[in-house]
Every structure is written in C-alpha cells, then in structure tokens.
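Engineer: These protein sequences, in sequence, are chains S and A. Last residue of the first sequence: 412 (the working numbering), numbering continuous. Last residue of the second sequence: 412 (the working numbering), numbering continuous.
None of the hints are false.
Simulated DEER-style distance windows between Cβ atoms:
#1 34(A) with 78(S): 42 to 48 angstroms
#2 376(S) with 166(A): 45 to 51 angstroms
#3 171(A) with 286(S): 51 to 57 angstroms
#4 228(A) with 78(S): 37 to 43 angstroms
#5 308(A) with 280(S): 43 to 49 angstroms
#6 23(A) with 369(S): 36 to 42 angstroms
#7 34(A) with 52(S): 30 to 36 angstroms
#8 91(A) with 166(S): 47 to 53 angstroms
#9 166(S) with 45(A): 51 to 57 angstroms
#10 30(S) with 91(A): 55 to 61 angstroms
#11 252(A) with 166(S): 33 to 39 angstroms
#12 140(A) with 249(S): 51 to 57 angstroms
#13 74(S) with 59(A): 53 to 59 angstroms
Hint data in this document are derived by calculation from the structure and do not stem from the laboratory. From the three backbone atoms N, C-alpha and C, an ideal C-beta is built for every residue, glycine too.
There are 2 protein chains.
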Amino acid sequence: MARRTARDLRSENRFEVLHALFELGPSTRQELARHTGLSPATVATIVTEFLSEGVLRVATVENNTGGRPQERLTIDPERGRIVGVDVAETYVDATVYDLELGVLGHGEVALDEHENDPSYVVDGIVRAIEAAVADGGVQQKRILGVGVSMPGHVHPDAGVSVFAPNWDWHDVRIEELLEKVLPVPVYVDNPLKAVVLSEMWFGVGRVVDSMAVVNLGTGVGAGIAIDGSLMRGATNNAGEWGHTLLRLDGRPCRCGRRGCVEAYLGAPGLRTTLAEIDPDHPTLAQSRQRDFVEAVALGLDAGDPALKELALRTSRYLAAALGDLVNLLNIPSVTLTGWTSTALARWLVPAVRAELPDHVMPGSLQGLTVEPSQVPGNAVALGMAAFTLQRFLTRLGLGSPAGTRPRPDPEP
Amino acid sequence: MARRTARDLRSENRFEVLHALFELGPSTRQELARHTGLSPATVATIVTEFLSEGVLRVATVENNTGGRPQERLTIDPERGRIVGVDVAETYVDATVYDLELGVLGHGEVALDEHENDPSYVVDGIVRAIEAAVADGGVQQKRILGVGVSMPGHVHPDAGVSVFAPNWDWHDVRIEELLEKVLPVPVYVDNPLKAVVLSEMWFGVGRVVDSMAVVNLGTGVGAGIAIDGSLMRGATNNAGEWGHTLLRLDGRPCRCGRRGCVEAYLGAPGLRTTLAEIDPDHPTLAQSRQRDFVEAVALGLDAGDPALKELALRTSRYLAAALGDLVNLLNIPSVTLTGWTSTALARWLVPAVRAELPDHVMPGSLQGLTVEPSQVPGNAVALGMAAFTLQRFLTRLGLGSPAGTRPRPDPEP
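The following block holds chain S by itself, in its conformation from the complex (with noise of 0.2 angstroms):
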C-alpha cells in the first residue's frame, strides 16, 4: 500500500494551516494549532516559513495583561495573484483573485460547442483570462499561477485531458499547450474535484466533513469528499454520478450506455423529458442549452403548466439519483452547484427535499441537507484557484531557499 511520505506531511499540514486562516481569519498561532490540530511547534514552523515566503503577514498585536504579545496572522492578499478558469462545453469563465482568495476581475468567452479543435480552445481560454487580468487592472507578472478546470477525465499531475466526449479528445496535453502562451504555471483539473475542494473551503465544509457536491449543467456529476478528503478515484475519475443508472435500458446517454442520470438531469436531458411532455411547446425553440434553461426558469415564474410539470419530473429525477448517492455513501450533506442549479434550485430543491424520503434509507435520512451551494461566483474557478494556491505553496516551500522571495510591485 502507498505510504505518505514526510514530504506528503510537511505539504498536508502546510495546507491544514492555510485552510484554517481562511476558515478562521486572523489568528494567533495558538488558535492554529487548536483548530488545526497540529502541535504548537510544528504550527510555528509553518509560519515561520509562510512569513519569511511572504504568504502571510502580522495583521495585529495583542497586548495581553502579564503574557507575551499575541501576534494575530493572517495571508497576504498582495502577495500574488491566482486566475481560475473553468472552461465547459458552451463558455470559459475566468476568474483573478488576490492571495486570500478575493475576486478582483472576471471576463467570459463563449464556446461554439460544434467546434473541437484543442488550438479553439486554447484561444478561448486564453481570451477570457486576458478578459479577466483587464477587468480586475492586474499586472500579468504577479500571476502565480492558473488553474483551469476542463470537462471531461483529466489527468492532473501529467496535465493532460485523458477523454473529453463532448470534444473527442483523447490524451490532449492541454497542460503544456497552455504554458506554450500563458508565461506562468498551469495546473488542470476537473470540475468536480474544483467544486469540491470550494466547498470544503468556503461552503458546507465550514460544517461537515464529508459531502457530495452535485454539479447540474450540460454533463452532471458529483464532487465527494469524506471524512476532509477529496475522493479522487485510481485515475481521477472518481465522481462521476451523471454515468449511474436510473433506469436499466432507458434514455441513450452520449457516453454510449442508456439511462444514465446524465440523460435525465442534463440540460439535454431536461429538453428530452419536455419534449415527452409537450413536444410542441415553445421553450424547445431555444438551441443554446443556457437559454433553454433560462427559458424554463422563466416559464416556470409565469406559471406554465408543461414547465411545472418538467420541473415536477426533474425533481423526481434527481431526489432518485440522490437517494442513490446517500445510500451508498451515508454522507450527511449534499450541495447543488452548477449553472442549471443555479437557474432552476427555487422549483427543484423543496421539491426534491419532498421526495427524498421515498428514496433514502430511513438511516441515512435523519440530518441530511440538501442545499444549493452557498460559494459566491463561480465555484468552478475558486476551487481551481485554490488547487493553483495549494500547487504554488507546495513548489514554494520545497523548491526556494529562505531570503529568495521576489518583492511584489504594487499595482499601478
């Protein structure tokens, strides 16, 4: 069995201290070390090493009556800056965030889903994070870093997208084609593990430990992490819920299987169930999937009754597809996140709160939440900012001698 090493330790608790300023804010290394539980010594460690790499800084000082000055940290927010990129069938959507995290600009690039060739897809992702540096007024020299999310199976540490269906990609080095025209680090991931790793850190994970995070969007899938892990798979390809089965044999599903939950809860999926409905109705007019669900949202506020019963359906859909979920894996949370999500949670999340006790095990039922994310923009983009973060810290602390850090310009 895989060991960790020393190394996979100093780079774990390095991040368990990042984490807890984050949930904490400001904090005296004694907070750390209680909330982290790490030991007093090793918490001073990490600081020292964070202060002198110029991660953190002393936000205040405490004066105690008859102790030592309590010095209260916390990150630096200009030490850097950290773009995080989620890129999907239809759009790329970059986001530039200081150190802690904060958004500082945002630029959007929409995708023709009929075009395949990685070299478009460089081109977007590179014009939306051009888009994003404007908007926020950064220098592009002070990038640490870029994650970006791609759909599909992703390789991270080869940085290559091992298969992306709706492209027909196989084994793309996405990594290196991205650092041949952005001058800074890449890291790539998948959707599902960004959504995660943002609701660990800015979500429900504040609450839980162990959650499935339910993304809704063209594809559809489930981010889990257990016990304060990201379960990741052998390959990375842990997660991937939109490819099980609802119904043995029912709808053809674009991965080749039929009745995957993909086929019901996509975006297509939810125009083939109106269409079953009311195959003449309006809505259908719309080819772009986001209009189309922008469309139903709308509908459904008007009251029509085809779209009331599509959202009636959906739900059943999805509080089966969730039943599923928490039997098999009794987690005490699940998160709704992704842009469908977004659009339609006020028709599908009471709904799907009524129906989950016909599918739930009556043991894993009692304490279960259902809840659309509360990660503000885009948790896609935060959560690959966040890996980018991790990635940055980790070379950091391994890679450069003390003394070495460059002073970062002030922005203009």
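Assemble the complex: chain S is given as a structure, and chain A must be docked to it using the hints.
Structural biologist: What follows is chain A alone, placed relative to chain S:
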C-alpha cells in the same frame, strides 16, 4: 470539523503495527517501521507495549555480522481466543480464532427466517458460539471478545441494531442482550463493514488500498474502503449499494422503494428473474433461499437452458450495478463475496467481466479487477474477529497498567 485526538492516533499506530505483522509475518522492528511509515521510535514503543501485554512474542533472534542481534517479532496466537459471528436472515455462523486469527473451531445454527423475536436470535447466536467453542476445544475463560455481525443498520459504539428490516427490529440493544448471557465483551457491527476489514487484512487489501467488496446473499450490499480507510458514513450506514437504483419504477424492493439493485441481485430477486423466464421451473419449488441458489448451481452444471438464461440476466444486472459503483468511486478493485457469489462465481464472474466495458467509463475500466474473494472461510466472521481484536487492543493499550496482564492458561 472533527479532529483526531492523540489517543486516536495512538490506537491507529497500534493497529498499523498489528496489521503489518499480519501482512509480513514475523518481522524485525526495522521492517515494521519501513512497512508502516511510522518512526523507529514509535514502533519500538508499541512493540515494547505489545510484548509486555503478551500480544507479541520474540520468534527468533538473528545475529548479524557486526551488528546488534535482531529480534524477529510475531503475534502470540496463544494470548487468547476471539469469536467472530455472522448472523444472517437464515443462519448463524460462528468461528473461534486464536490471536493470529487462525481458525480453531466452527459452529452453525439455522434460523427460521419467520421468527423475529430478539431472544430467539440471541439464543441462536449463543448456540452457534457454544458449538464453535466445543468444536475447537477452547476454554470459555480464554475468550477475549466476541464480534457479532448483524444484518441491517447497526450502531457499533452503542451496540444497537438500529433497524433490521428482515426482523422489523428497531433499536434493539443487541450488545446488552448478548453481554447478559456471554461473560465477555461483545462488539456488534454490520457485515458490509466486516467483509471490507477481512479483505483489507487478508484479501486484495494486500495489493490495493481502495476497493469495493460486494456481498451477495439474501440482501446485497457493498463494503467500501478508500485509501486504506473503511467507509462507514455518517451513521455507519454506508455501502447500501443494494438500495441504489437499477431501474426507476422497476421491481418492488423489500425496502419499500422500487427498482433497487437488491430486487434483482438478492436471492429472492434471482427467484423473481427465473419466474419471469419460466414460471413453472422446478427449481422454484425450493422454498429455502440457500437451497434455491444451490439448486441453480447444480442445474447450471447440468446445462439447464432456463437457468443459463437466469445466469445471463443476473450477470447483466450485476455488471450494470457494478458499473455504477466503479463510475462513482473509480475504485481499482471489486471483490465478490457472500454465499450467492460463492455458489455462482463460476458462471457470474466471466460473464460480468465480459459485460463490464458496456457499463464502466473507459477512464475507470483500465486495470479494474473483478474477482471472487480469496479470504479463507467466512469473511464476515473473520472481519468481526479482526474488529474485536482491534477493540481488545485499544482497551488493553489504554486501560491496564503495564505488568498486569493475566497469564494465559494452556488449553487442556
């Protein structure tokens, strides 16, 4: 979020050393440190404790040229006896083990599946243990603990059968009932947790550290381990793969939902499938489930065409349901266990392997193994004995001052 205490960590380290001894056989302190990744000092402390508690003994001393003599340590099988019990709908199966978990004796009692009184089941458990103890020629007073697997939802810390649908039990305090009649500590858990532990210690866990162990019997379920950790879920209810959907609105399941995997792959589900193929098939006359499955195996040997069709359909259902498990968890290994698996493995395993590529995403298929369990004997009983050994060691390590261990009496 929950943090591990120093006490948890100490227990975990003790289990790591114990587990290494099971994997490696007689080992030096250096080998144990290398295998566990623990520091030599930590290993030395644990070995000293185990020696003083009588859990380990020195197997051999090797004199290396020039170096210190090297002690090779081994678990002392004579330190005591442990009983593992598998309670199912239709039988109780008890095994007595030495401290190395070598089998000493075995006893089995049939249960009438229509009797649901707790005292009836407790009596069956006691009789099976008595039979195993007599079979092994073991003195009652040498038994250190009894581990009892109960079907359904079990809360091991409280010792409670929270819900056993087969008996319609709710919150039956089974540990208390058993400790009234058995003069030793009792540990209760669920078979899905037990089969994973047995597989982690004595089966595929020697090669992989993430796995699903699929248990096919009257009910079906999957024990799951990820990165070397048994997945319990929020309420010890993880692994209810039998109550994930194969087909929305499909066959009624005894859980009250429709279309669950168990309704197709549990022994009564196999009977339903056969009745769909040939409602007058003579095998359907077998009223007891195990007799029915044994008769299916015999009929397959004889080339019965309806039974061949049953094996084919069952293999397809199993491949589809395993596909869901693999797509969601991206585990590299699936092990089949339970009495239906044992009886039908020859027909099911090759057919399932042939079907899997239709159900598993390409990125999760490569390197995936599906194998019948290689764990010897009753895997549920063995896993329960392993849990009980862990619990014994925790109590021993935390409770008794050094030097107070009882001298074991030799068996007559």
